[in-house]
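Please work from the sequences and hints to get the whole structure.
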Amino acid sequence: MTNRSGSDGIDDGRARGPERRRRSFNYGIARPNIVSKSYTHNDYEVGWICALPVEMAAAKAMLDIVHDIPLSRLDDSNAYILGSIGRTNIVIAVLPSGHYGITNATTVASNLRRTFPCITIGLMVGIGGGAPCKVDVRLGDVVVGDRVVQHDFGKISNRGNLERIGVISKPPQRLLTAVAKLRANHESEPSRIPVFLQEMLQENSFMSRYTGIGGLRDNLYQSRYEHIGSSDNCEDCDPSMLVNRPARSSPSPKIHYGTIASGNQVIKHAQTRDCIAHDLGCLCFEMEAAGLMDNYPCLVIRGICDYCDSHKNKHWQEHAAAVAAAYAKELLLVMAEITLDDSELRRWREYQERLRDSLWFERINAHRFNLKKNLTKTCEWLLNHKDYLNWLDPEKSLEHNNFLWIRGKPGAGKSTIMNYACTESTKHESIITLSYFFNARGEDLERSAVGMYRSLLFQLLEAMPTLLGLFNAPQHEGDLKRVHSAILRQSSQAVWPLKLLQDLLCDAIRRLESKQIVLFIDALDECEDGDVEEMLEYFEELLKDATNDGGRIRLCFSSRHYPHIDIQCGRQVTLELQGGHKADIHTYVQAKLKVGKCKLAEEIKTTITDKASGIFMWVVLVIQILNAEYKDGRIFAVRKRLDTIPSKLSDVFKQILERDNKNLADFRLCITWVLFSRRPLKLEEFYFGCVSDLRPDELDVWDPKEITRDDMSRYVLSSSRGLAETTQSKPPVVQFIHESVREFFLNAGIHELWPDIAPADFESASHDRLAHCCYVYFKLKFPDSEKKEALSFSKRYPLMEYSINNLLYHVDRAALQIPQDSFLKNFPLPVWIQKHNMLKSSSVEQYESSADLLYILADRNLPRLVEIALDRDSKIDLRGQRYGYPLFAALAHGYRGVVKALLCRGRSPQDCGFLDRLEYGRAAQSRGQTPLTWAAASGHEEVVKMLQAKKGVDRSPGRDGRTALSWAAGNGHVLVVRQLLETKDIDNTNDDHGRSPLWWAVMNGHQSIIRMLLERTGSDINCRDKKGKTPLCLAATIGDDVVAKLLMAMPLIDVDSHDEGDRTPLWWASMNGHENVVKTLLETRAVNVNARDHNSRTSLWWAVVNGHIGTVKALLATDGIDPDVKDTRGATPLWWAVSKGFDAIAKMLLATGRVSHDLTDSCSRKPSFRGGGMKPRFIFDLLQGELKPEEEDRHSIPGS
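Residue numbers for the sequence shown follow UniProt numbering, beginning at 1 and rising by one.
A few of these clues could be false.
Stated by the list, open to error - The calculated SDA-like cross-link candidates involving lysine to any residue, where the alpha carbons are at most 20 Å apart (straight line), are:
no.	residue 1	residue 2
1	LYS1079	MET1048
2	LYS134	HIS41
3	LYS373	THR433
4	LYS795	GLU706
If you're looking for bench data, these hints aren't it; they were derived computationally from the structure.
Quick look at the structure:
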């Protein structure tokens, strides 16, 4: 058996280590992680490679937390353990059993970096053979390689000797800097390797072979003396041949820094060892590092287990692996102490900016940008209106709760006056002005609450970049990591949960405590119906908090007259009733109506103003009609034409259309595209969409020189009879001139224009026609070569991308009235997949060539086509791609219609039911969840309700034993939790880690859900997870004082519960410096303030060590506190305060008059002054009580 440390016979037993756990140790660096959360491959920055299982076991034992392992790539054969030390996330990889050496190490490193692309720190940690020539290297010592050289790489000279030409490699500068810092620390204080080994044994009692050297012998024989006998304990060897070495004063390992020699050859010959060591000046031999340094620059750390001679044995392997791992841990903690370097700061900035930028979407402000500017001197009346002035007056905040609502009829000009008010507000530099203009004619985000919150938050972060720190807030960490991971996985729009956006916006506004913020939200009536009431509740709650601040936040809504929605308190301006608005209409008529200045002309202008009834859109259309009539100079004809124009806006639309019978086919197709396209079409898409149906023979490559955008814009105007327009946005899109035009067609216009067509039939027929247009484009021959060429091709055929993406959508909508069975039966799926994939840059958005049609239909939310497909073949256990099965694709997106179709019509081949747990609940792509747990975790209330009503649905827990209630509570889905709690047989059990739904709600700070669970489920308030932590203990750890008070209000709460490390809620709150929680706990007078953890450390001890001044002050003010408690090494809080340079805390402790001035621990060690804040003389003066005020200022640490 090969020995990769320079010897043979390595124990190849399987590595054993502690299961998932967390430590209580803080080490004075950063608070330990609390629980193992969900991490992605992009969250890891340290790659720790081991060659042997024994090395991996030692590495795992050094982790503070062991993480769950995310799904690996199919092309990665590595075995991993994931976890963290302090705030650093680590990947531990091991070489395949029995496959050691340079080549295998290279393969493992390559796989690791491919699977974990954000690895920036590399470590190679394990055992090695010592070279005790010039340096006194002994068994159990640590050798840190500040350079690595391959000792067996070279050429044979004329004399037959090997001339080594191995290149010397050095670790990255960042690692060498950390090594230098640690070496400097060790000049004034001992290494913490013994401490880590002791903690290792406390956590893992069966690892005594790793931590102790009792009974082990360190025998170094003279180089010329070979091993005698077959026993590996040298019992037959001559003891007189041992090298005489002086005894060391301490059993602690020594740490050596120098060259490490690496090679593919095992060295088991002392004289060869000495020869190479003499030539290269190396301290250690091993077999992997040289294969890593080129492609995986790393630091090599080796624990010495033998001397590369014939006397080697395996007895030191475990201990050598442990000391190397302990040094690696100490190094990583030192790296955490060092101020974030440029690369780390850059990574944080990139994380924040990536999240901010993902809030933006293509038409985020397109609607406001396309609004025509108000005519000069119009709209100014609003700024002097009494209700507007009252709204701005902070003294009257209580009267209107900072709300202003501008209402008006369709077409009255609400958006124009909102745009004017918003523009005026931006002129005040002291005010942050945010705005959102809903657009029912726009894309999904333009008319949704999610789009509004994204826009408002994006504007706020752009205006105040300091708010980017919001993305590092712990209460949002889990949700933001999921969003960030989704951003990294795909290039398309990120999916932002509505609740997260609301919380972030609320938190951002609260952080701007002294800033005046004004929000303008236009066209509330154009937002999706289900969003409006929730949005109003959200803003009312937000403005309640601001009312007490003297109107720091103000909100102005505009909408049509909403009879069913109102605000409890606020000012209201009805546009068509305002004299200033009527004056604006008169001003507009005077400026735009070109009929001369005679008396009749003035009468006409007055009539228009009166007849308009405050509707600006009516005025605009009438003026266009009358100006056309006046071209011949016949003023009397203008008067007559005005008399025939109806006063109702919809009747004006109808009249315009009935008076022009030219090119009716163009008109009907134009209306069809603008009404029923899935998104607003770009100008060239619209034009060629019409060409594909009306003149398919002319469908050819677009030549902008032959067909200009001006030509296309004129076509839009003529084919729509002036009711559609080309916007000024980039890119320009085609839309109706006003939302009221779309409503005219959808309400009654179609029937009035074409009485023989029912509205429902017209919609299905329209989608069928648009599907035909898309199919014409889809059939065009696509390039078979590069993706780049395909994208270029789609630009030359402007409707190509829309056609491929939306062909099936239009077919699905047409299927409501028009059968599509034949289309689906003959649909060329492989061709569609190939073209679809060519236009998608992200692999996540692509489909495998073997993907089943049903999966694609479910993934694209096409419920009618799903029903047709299931009528042909009702099997639904068909594998797809990203989500595994059609049902899970629908669940992941919350596609209620598709889920319903699959539940009602689908079946699996097994009689046990199509929701069979084996098929769905344990599929890799389902992440071990059942359909019910997945829907609950995603917050799809209607889908949850549907699944609960369906017989045979698996209600058992999913991955890690988590129930649907657990997932919904943890993810903050209030409506889903309420729905589940109303179920009689609700499963409120704990998961495999002992965590209850209440535990998860507390973990993520969902207060309303915590209240519901406490009121409705009778949840055990003191339930413990596997580590003994109660919900209160968790709230104290996180520092959520609001949740802590909620829990402590329960009559049976145990405020002094102990976890498995004997740590109480007060311990956790004190250690992490959560002063408010500490005070809340102390107020109960039911906590033991001197309770000790399993290392005899109290809450005060931890507060002092971590420098939490406020917490120390609160604890010292408590009756019965022991300020002079000693830890296991005999060091008091004062000892640690002095050692870390916390002079303010030291003075507080001394002020109690109950602490010893003896600054020595049980080993007679004095403080190391590593904090750098106190000088020895200052400490002496402090203890003697002779410090003068001016000296105090000179010696103390700033901010302490």
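Checked hints:
Distance hint between LYS1079 and MET1048 is fulfilled; the C-alpha atoms sit about 13 Å from each other, no more than 20 Å. Restraint check: the Cα-Cα separation between LYS134 and HIS41 comes to about 44 Å, which exceeds 20 Å; the hinted pair is violated. At most 20 Å may separate the alpha-carbon atoms for a hinted pair to count; LYS373 and THR433 meet this at roughly 18 Å. With a CA separation close to 15 Å, the supplied pair LYS795 and GLU706 stays within the 20 Å bound.
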